[in-house]
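Using the sequences provided together with the hints, build the complete structure.
Protein chains: 4
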Amino acid sequence: MKKTAILLLSCPDRNGLVSRISNFIFERGGNIMNLDEHVDSDEKIFFIRVEWDMNNFSIPASDLDEAFAPLGKEFNASWRIEFTDKKLRVALFTSKYDHCIQEILWRQKLEEFPIEIPLIISNHPDLQSLADQYNIPYHIFPVMNDSKKIQEERELSLLKKHKIDTVVLARYMQVLSPDFLAGFGDRIINIHHSFLPAFIGGNPYKQAYKRGVKLIGATSHYVTEELDEGPIINQDIIRISHKDTTRDLIRKGRDLERLVLARALHLHSEHRILVHGKKTIVFD
Amino acid sequence: MKKTAILLLSCPDRNGLVSRISNFIFERGGNIMNLDEHVDSDEKIFFIRVEWDMNNFSIPASDLDEAFAPLGKEFNASWRIEFTDKKLRVALFTSKYDHCIQEILWRQKLEEFPIEIPLIISNHPDLQSLADQYNIPYHIFPVMNDSKKIQEERELSLLKKHKIDTVVLARYMQVLSPDFLAGFGDRIINIHHSFLPAFIGGNPYKQAYKRGVKLIGATSHYVTEELDEGPIINQDIIRISHKDTTRDLIRKGRDLERLVLARALHLHSEHRILVHGKKTIVFD
Amino acid sequence: MKKTAILLLSCPDRNGLVSRISNFIFERGGNIMNLDEHVDSDEKIFFIRVEWDMNNFSIPASDLDEAFAPLGKEFNASWRIEFTDKKLRVALFTSKYDHCIQEILWRQKLEEFPIEIPLIISNHPDLQSLADQYNIPYHIFPVMNDSKKIQEERELSLLKKHKIDTVVLARYMQVLSPDFLAGFGDRIINIHHSFLPAFIGGNPYKQAYKRGVKLIGATSHYVTEELDEGPIINQDIIRISHKDTTRDLIRKGRDLERLVLARALHLHSEHRILVHGKKTIVFD
Amino acid sequence: MKKTAILLLSCPDRNGLVSRISNFIFERGGNIMNLDEHVDSDEKIFFIRVEWDMNNFSIPASDLDEAFAPLGKEFNASWRIEFTDKKLRVALFTSKYDHCIQEILWRQKLEEFPIEIPLIISNHPDLQSLADQYNIPYHIFPVMNDSKKIQEERELSLLKKHKIDTVVLARYMQVLSPDFLAGFGDRIINIHHSFLPAFIGGNPYKQAYKRGVKLIGATSHYVTEELDEGPIINQDIIRISHKDTTRDLIRKGRDLERLVLARALHLHSEHRILVHGKKTIVFD
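Chains as they are written, first to last, in my numbering: chain A, 1 to 284; chain B, 1 to 284; chain C, 1 to 284; chain D, 1 to 284.
Since the hints were made in silico from the structure, they are not lab data. A virtual CB, placed ideally from N, CA and C, is assigned to each residue, including glycine. A few of these clues could be false.
[Stated by the list, open to error] Far from chain A, by Cβ distances over 12 Å, these chain B residues were calculated:
1) Glu66
2) Lys87
3) Lys243
[As the list claims (entries may be wrong)] Simulated coverage check for chain C against chain D, where a stretch passes if three residues somewhere in it have a Cβ under 8 Å from a Cβ of chain D:
4) 56-64
5) 187-199
6) 207-215
7) 238-245
8) 271-282
[To be verified] From the structure, some residues in chain B lie toward chain C, with a derived Cβ separation under 8 Å:
9) Asn15
10) Val18
11) Ser19
12) Asn31
13) Ile32
14) Met33
In structure tokens form, the structure reads like this:
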């Protein structure tokens, strides 16, 4: 596998952005392998993802941030550069349902994601043996009303110790506190078992059953302080009918949840997502 | 085309319902062509749609209601019997957008629906020429704040005069009043341009754009007093991305709206829908 | 879980079939829980699946075949009666790819299928540890050109010994011989990684890539002597683009294969499928 | 609407292509509005679509081909430059079915496509009145076995006279001869009513019904000499069941055909398609 660099950048739109950025790469011996850009014509904002081969690049990876900084400043841009030889470090949070976490672990074994999974965190002991099968340490932090604050601090410290980049909530049945979000940042991916913004909150399948919808969905999104209101990464639906009981919705929805969450993690791990306000730009 | 009868019935579940009903038909010389049933096991309610050939049936259509009444009473059932040689009389309500009404008129010409369309009602003159192409009378009732009540009364009287069975709101941009609903009844089909219950109310595409969803939808439902809360008949979605502007959503959504509304009318016109509370049983 | 009986029957269409069959059940104290029927109006053939509660039924399960036989004979029908308290005994055949078999084992653990899996048969040792995790005996029969006949005989004898009802080919990379098919019968479900009849035979993803299709599919079907020509149970597709390499097709196709195969097994295990000629009637 | 230029280019892959091309635009005062590229890593071929604002561009449209030619030559590229203020001139070919042509005419009226439709050609008189509604000249060329050659020559001459860029076969039920294809070129879009390569040739719905597939499809493609083998632009499918007769397949398939053809024309008219061998690169 080639070592490549990926620049993700957004800035106010202006003339010559693609040219200036591609020149920056070309002049230093980089061959562009993928370039995708988007202009939000309402807000006049430019978004780009560009990936290039680092093999004959004249600047080492360690100096690249410094080298690009002047251009970033000139463009008044938000930007970051990622390298494909550095795998993302992902922590999985889970509770009792195994389908989402199993899906991710299985795909990880097949090397679908460029990630490492140094640890699993759960508030229940139920999925210990699954973690064992994949040889991943499983940390149990039971969350009671009065222990939430202290447990979240322990979790944060563990994430920091293991240099975790991204948290994936694989049907983790606890709402993370604002303190946790402030401490870890915005790289937390959740799966909600409805097509948001329909059926926010608890028991979406029961809500769907009561409302008599003819399709159910699942939504993966980044977590923000407002419940189920974070930027949406991926959504999908499946058709249901009057024959389906709540139990059937849960069964059919499981298939959606794991596929939608896996696709979101796939896109995230390949650095294909730019967040802008409440929305995502997904360069797939 | 054969003349067939269709019984739609719901009642508390009990032993022998299928047997008793199919015997009723068999003993009178009817051949069952389709039978579909459903039991809501939570609420213990039985639903059935059964269609039989009237050719050698010993009771004429005109006496059938009376003949079935004792059984309906014994089962404490809600029921009705329809005949396929009697086409449903449908009035289309429209405003300025032509896509939904055009879709229905075109399918009607292809004889996809067993319906007649004796008239079109609109609050705008814009679609007069489309109505002319299909030789359907086009009645304009401009609705201002102070004229709504009187216009609805005129509409109701026109519907009554033309013995209209069903009203289809083909992107009719007015909310019908409770008086109108009380006067006409529950056979009004609407198309809402979102996957309900997401984006209830006005400008759903704009709401969808702002929320950053990755799919948009359309929902056809029976109209009730609560806005966009009636029993859902059909829903579908289409995938969108960050590239799509509100204008693109409107364009892509048009395709959904007309297909979803047409499917709903198709199911309704073949007497395949039973409404139970806030939900539909769709025997398709 | 209630004990219920399921009658699957097909016969030349005639008057009174639903009535006679539902009476047979009603008169013996059975409560019909589900009834679905279909008439092929081209060929004038009647198909029915009816399920009833055995709790107060006056005939014991063991005598039911004998009791129904006169009616079956009168109707000149093909029929069988299944009982939901008798789980189907399923053997999985596999080679090296784990995704389909893993999907089935995981769903089986969640009790999605009313089946037992007494054994797994493979021509390779690779998936032994997966079988071990689920505590299912894993039998390896390496197939070389000259050993195929003898190995298939051993497999057949093993299937017979374990009273296997159904074989599921979960990406088993061997073509079963006519002798094997004759010996075991028509209860073998395969998953083919294309939307049949497109891309019959080997390497369908490579064929799809070369043809430049914009969607790829998967098809589950019953196995017959003609390769990939058996009655289709379930199919699904996923959208692809010019960006997708053969490797991407394989990755995306895996998700289809396991879902489509799982759905087919679900339908089969609930006795929802009637085979007629080259086609299936699926009462879902 | 802004006047923009669109460069479509393919060439052997090499370093600096994006940079050189974007510089060419930037240095002449062009602002890139969209850039999408793709590298076929098997064949080492580079594809790009780049669109820029011509408002402050220093070279007039009329001189642009000449100005870009040296770069094209250096890259050994196939390329062309289109301008969005020049609408594509499209001729529709049709026979008796109105659904595809009606769909295109209706969308055209809504200004969904940047095209003009100077004429419709048909081998039957049936759709004259539809053409009249949209005020488009309708030319009838009845095709008999012995008149095909002469009629195609007349058609070609009419297309030439009207400076037609693209022919759309909207369910035109004649196979065009190699002479016609040679005379007009490769800008002919067809709709085939199956998910190719399944059910090539005549009566695909009947073929689908006989095979017992669980989904039917439609495929839009460029026409080549080999029947139904041209580069695929767009495909879609719809789910069917054993309940659907051939007649139902035709009805359901109509919806697919018109949507898939309309999408193909939309992509083509916005110059989003590059053909490479038997495949398309679709920059959507």
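Hint-by-hint comparison with the structure:
1. With a closest Cβ-Cβ approach of about 30 Å to chain A, Glu66 of chain B is found to remain outside the 12 Å limit, as its non-interface label requires.
2. Distance check for Lys87 of chain B against chain A: the nearest CB is about 26 Å away, which clears 12 Å, and the non-interface claim stands.
3. Its closest Cβ contact with chain A, about 6 Å, brings Lys243 of chain B to no more than 12 Å, contrary to its assignment away from the interface.
4. Chain D is given as covering the region 56-64 of chain C, and this is violated because 0 residues of the stretch bring a CB closer than 8 Å to a CB of that chain, at least three being needed.
5. Note: the region 187-199 of chain C has 5 residues with beta-carbon separation from chain D under 8 Å; the three-residue rule is met and the coverage holds.
6. For the region 207-215 of chain C, the stated coverage by chain D is satisfied: 6 residues place a CB nearer than 8 Å to a CB of that chain, which reaches the threshold of 3.
7. Chain D is given as covering the region 238-245 of chain C, and this holds because 4 residues of the stretch bring a CB closer than 8 Å to a CB of that chain, at least three being needed.
8. With a threshold of 8 Å between beta carbons, the proposed coverage of the region 271-282 of chain C by chain D holds, since 5 of its residues qualify and at least three are required.
9. Checking Asn15 of chain B against chain C: minimum C-beta separation of about 5 Å stays under 8 Å; hint holds.
10. The interface hint given for Val18 of chain B is met, as the beta carbon of that residue sits about 5 Å from the closest beta carbon of chain C, less than 8 Å.
11. The interface hint given for Ser19 of chain B is met, as the beta carbon of that residue sits about 4 Å from the closest beta carbon of chain C, less than 8 Å.
12. Interface hint status for Asn31 of chain B: upheld, as the beta-carbon distance to the closest one in chain C is roughly 5 Å, under 8 Å.
13. At its closest, the beta carbon of Ile32 of chain B sits 5 Å from a beta carbon of chain C; the interface hint therefore holds under the 8 Å criterion.
14. With its C-beta approaching chain C no nearer than about 6 Å, Met33 of chain B sits inside the 8 Å limit, and its interface hint holds.
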